[in-house]
Amino acid sequence: MTTILDVPGTNPPNPFTTPIQALLLSTNPSSTPGETVDHITTAVTTSPDPAHALWQVWDAFFTAVATSTTHTPHLALLDALRAHPPTQPTNVRAGSDAQRNLRSYTSPDGKLNWETLPRFSAQWRDVHDILEAWRDWDGVRDSNPATMPISSGAEYFLHFCSFSAALLKATNGKGGVHPVWVFYACRDVLECERLDRDGQPKPHRMPPEEVWALDVRVAATWVRDGARALWEVDGEDLRRHWRAALDEKTELWPREDGLTRERWQLWERRLRELSAERALLHGETRAVVAEAADVTFSHFLATDRSTSNFKSSNPPQETLAGQSLACKRDESPNNRHSTTEHTDLKEPSRCIKDGPVNGRADQRTQAGHSHVHTHAADALEITKVSVAVALRRAFPYRLAVVKFLNGLTSPGTYEETLRLDGDLREAYRKLAQTLRACTSSGEGPSQFEIQVVDLLMHRYFCALHIPFFGQARHGTAYAFSQKTVVESSFKIVASGVNDLPRLVTCSSGFYPTLAIHAAFLIGMELCTQLQEEDGLCPAPLRPDLLSVLEDAKAWCLRVLKAGETNVKGYLLMSIVSARVEGLMRGLEEKEVTRLLVKAVENVGEQCFPILEEMAASVQEQRGGPVDDMADEMTKDWNFLIPDVPFNPSDTEPMCWIFNQDFNQGFLEF
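Residue 265 in the UniProt record's numbering is what sits at position 265 of the sequence shown, and the numbering runs on without skipping anything.
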């Protein structure tokens with residue numbers, strides 16, 4: 001995870017920060033791009049952990065990008081890196097974790113191919129998503145002026161996107177930034193007309209108007225510098241990877257026909273309108289927006305449409321360039337749309353707007369118009385199946401995760417994981433907005449239904465990142481997966497104060513399995529934090545995570561009392577809890593062993609009375625011993641036996657997730 005927003009001095013010095021920052025000197029730079037590249041490649045190649053060194057390279061590089069207003073030196077550095085010949089790591093110990101981590105960075109011959117900038121795109125996505133989520137931060141950490149950074153989150157995000165668009169323009173989509181990001185920017189900003197002013201202002205957060213102005217500036221920058229790359233990209237390739245996003249309906253594009261010429265016309269018209277917006281956009285932003293509109297029209301829309309790779313269709317009347325949506329609504333005597341003072345955002349409604357998938361943080365602000373736009377085709381009347389319908393809209397994203405995890409031809413790369421994570425989060429935000437709209441109507445779904453949907457979505461986040469969860473303990477490249485798994489697991493085990501805990505306790509299959517896996521993952525994370533602590537005293541752990549272990553043990557006992565006969569869940573959580581306790585107390589190996597044995601004995605003392613009482617109850621109901629079971633009841637049990645060789649380590653549903661590479665070392669002494 002990027003260190004851009006970290007408090008200065010809280011992390012060890014990055015050895016690549018100084019040589020990369022030296023290139024930014026406006027006059028008399030202390031080194032040339034070639035010299036800096038030689039320093040970087042030599043340091044990475046001779047490092048005992050090249051994967052971690054590469055992470056440090058890109059962390060220092062993106063930090064320099066986000067804190068600089070000029071990006072020519074950065075582009076020159078990337079050009080010099082691509083021109084560097086492949087190098088063979090020379091200082092990696094055979095069989096070490098560093099060697100295993102390096103495999104995803106190297107080509108089949110074991111060399112680092114600098115022409116492909118290993119791991120650049122994966123780390124770029126990580127930095128982009130974090131800066132986007134914090135773009136409305138005003139830069140203030142606390143009341144102490146000494147802790148205030150030089151820039152705010154908005155400046156970091158703007159600088160980073162400006163560099164990314166410039167890189168896209170320079171490489172035409174072949175430099176680690178895909179042209180689809182131009183589409184995302186246009187869809188999320190230009191295809192919306194509502195400025196959302198709802199919600200209480202948060203401390204140290206920018207007003208919605210300023211966030212919207214920033215989003216417009218960023219979108220215009222993407223269009224100005226990256227529109228050509230998107231226009232020239234292969235349409236079939238784009239739809240193969242981003243079909244769901246391209247066909248997602250938005251406020252001003254209520255159709256499922258992807259990227260068409262008419263959609264470009266809509267963007268050009270919206271840019272023209274925004275370039276004249278003086279109330280909320282300052283002059284510099286309006287100038288960038290005007291440049292983007294000129295580029296869109298003169299370079300693409302004014303050319304012969306045969307140069308486009310995208311299909312065309314007859315657009316709906318409200319999306320044709322040259323027609324004013326606001327004028328048509330104002331002239332209509334039966335106008336269903338009202339001004340912002342009387343919008344349905346302020347009053348209960350029986351409709352759920354199918355707005356755009358935001359892909360943004362808490363505040364998704366749009367253009368500063370005084371009208372709210374709705375489409376009859378996008379409205380969903382609140383019924384008993386409203387939650388199911390809303391969940392169905394996220395199905396393409398969830399299906400993509402399932403195919404990625406289970407497909408025989410799935411690439412299994414971390415870059416693809418991050419891409420799927422971004423799409424899934426986009427769908428999750430839209431789903432949350434839809435359910436909130438349902439709830440605000442007064443006739444929406446119950447809190448239980450909302451919690452179940454939240455549980456289902458976090459299950460997919462966990463499953464997507466679990467393959468990289470264990471690898472995160474060997475390097476920082478997968479820190480984002482580690483954080484995602486921990487936070488999603490915590491939300492799973494902490495969800496619900498109504499009927500959901502009863503469902504998890506009394507049901508079988510998916511719900512209890514998911515709960516015990518989530519608690520186990522949190523236990524593994526606590527063990528990892530304690531094992532990796534190199535200080536004299538153990539670092540303080542999160543109290544909320546520690547409480548999960550005891551809560552999980554209590555829940556397992558409730559499951560047994562509800563009729564479950566399998567005690568392995570309670571046994572597992574007792575062992576994990578004892579292991580964490582031993583690490584926190586700094587016990588030696590023999591003492592830890594005694595603690596674990598005591599925990600197992602306690603499991604027997606707790607569970608045997610419950611099972612004996614259950615057996616006696618069954619015997620009383622049957623009127624005879626429970627082991628006098630008729631042969632007719634057992635002759636067909638062979639249908640329940642798997643057709644694969646018996647494997648004692650693989651006897652539970654979904655245990656393929658916890659393979660040897662995943663859990664090795666978490667409970668070792």
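Source of the hints: derived by calculation from the structure; they are not laboratory data.
Keep in mind that this is a model prediction, so the values were computed, not measured.
Cβ atoms here follow ideal geometry from the backbone N, Cα and C, with glycine treated the same way.
It is possible that part of the hints are untrue.
Pairs of lysine-lysine, DSSO-like flavour, derived with a Cα cap of 27 Å [as the list claims (entries may be wrong)]:
{"no.": "1", "residue 1": "Lys-561", "residue 2": "Lys-590"}
{"no.": "2", "residue 1": "Lys-598", "residue 2": "Lys-568"}
{"no.": "3", "residue 1": "Lys-491", "residue 2": "Lys-598"}
{"no.": "4", "residue 1": "Lys-403", "residue 2": "Lys-491"}
{"no.": "5", "residue 1": "Lys-561", "residue 2": "Lys-384"}
{"no.": "6", "residue 1": "Lys-249", "residue 2": "Lys-111"}
{"no.": "7", "residue 1": "Lys-483", "residue 2": "Lys-384"}
{"no.": "8", "residue 1": "Lys-174", "residue 2": "Lys-111"}
{"no.": "9", "residue 1": "Lys-483", "residue 2": "Lys-590"}
{"no.": "10", "residue 1": "Lys-590", "residue 2": "Lys-568"}
{"no.": "11", "residue 1": "Lys-590", "residue 2": "Lys-491"}
Quick list of the computed label-pair ranges, beta carbon to beta carbon [as the list claims (entries may be wrong)]:
{"no.": "12", "residue 1": "Gly-509", "residue 2": "Pro-609", "range": "20 to 30 Å"}
{"no.": "13", "residue 1": "Thr-413", "residue 2": "Thr-72", "range": "28 to 38 Å"}
{"no.": "14", "residue 1": "Gln-531", "residue 2": "Pro-609", "range": "32 to 42 Å"}
Hints, verified against the model:
1. With a C-alpha separation of about 34 Å, the suggested pair Lys-561 and Lys-590 falls outside the 27 Å cut-off, and the hint is violated.
2. Taking the CA atoms of Lys-598 and Lys-568, the gap is near 16 Å; set against the 27 Å cutoff, the hint holds.
3. For the given pair, Lys-491 sits about 30 Å from Lys-598 by alpha-carbon distance, which is inconsistent with the 27 Å threshold.
4. At most 27 Å may separate the alpha-carbon atoms for a hinted pair to count; Lys-403 and Lys-491 meet this at roughly 24 Å.
5. For the hint linking Lys-561 to Lys-384, the alpha-carbon distance of about 33 Å lies beyond 27 Å, and the restraint is violated.
6. Taking the CA atoms of Lys-249 and Lys-111, the gap is about 44 Å. The hint is violated against a cut of 27 Å.
7. Using a Cα cut-off of 27 Å, the hinted pair Lys-483 and Lys-384 is violated, with the two alpha carbons roughly 35 Å apart.
8. With a CA separation close to 21 Å, the supplied pair Lys-174 and Lys-111 stays within the 27 Å bound.
9. Taking the CA atoms of Lys-483 and Lys-590, the gap is about 32 Å. The hint is violated against a cut of 27 Å.
10. A distance of roughly 24 Å separates the Cα atoms of Lys-590 and Lys-568; the hinted pair therefore holds under the 27 Å criterion.
11. For the hint linking Lys-590 to Lys-491, the alpha-carbon distance of about 35 Å lies beyond 27 Å, and the restraint is violated.
12. Look at Gly-509 against Pro-609: about 27 Å separates their beta carbons, and that is inside 20 to 30 Å.
13. At roughly 31 Å, the beta-carbon separation of Thr-413 and Thr-72 lies within the given 28 to 38 Å, and the hint holds.
14. Between Gln-531 and Pro-609 the beta carbons are some 35 Å apart, a value that agrees with the proposed interval 32 to 42 Å.
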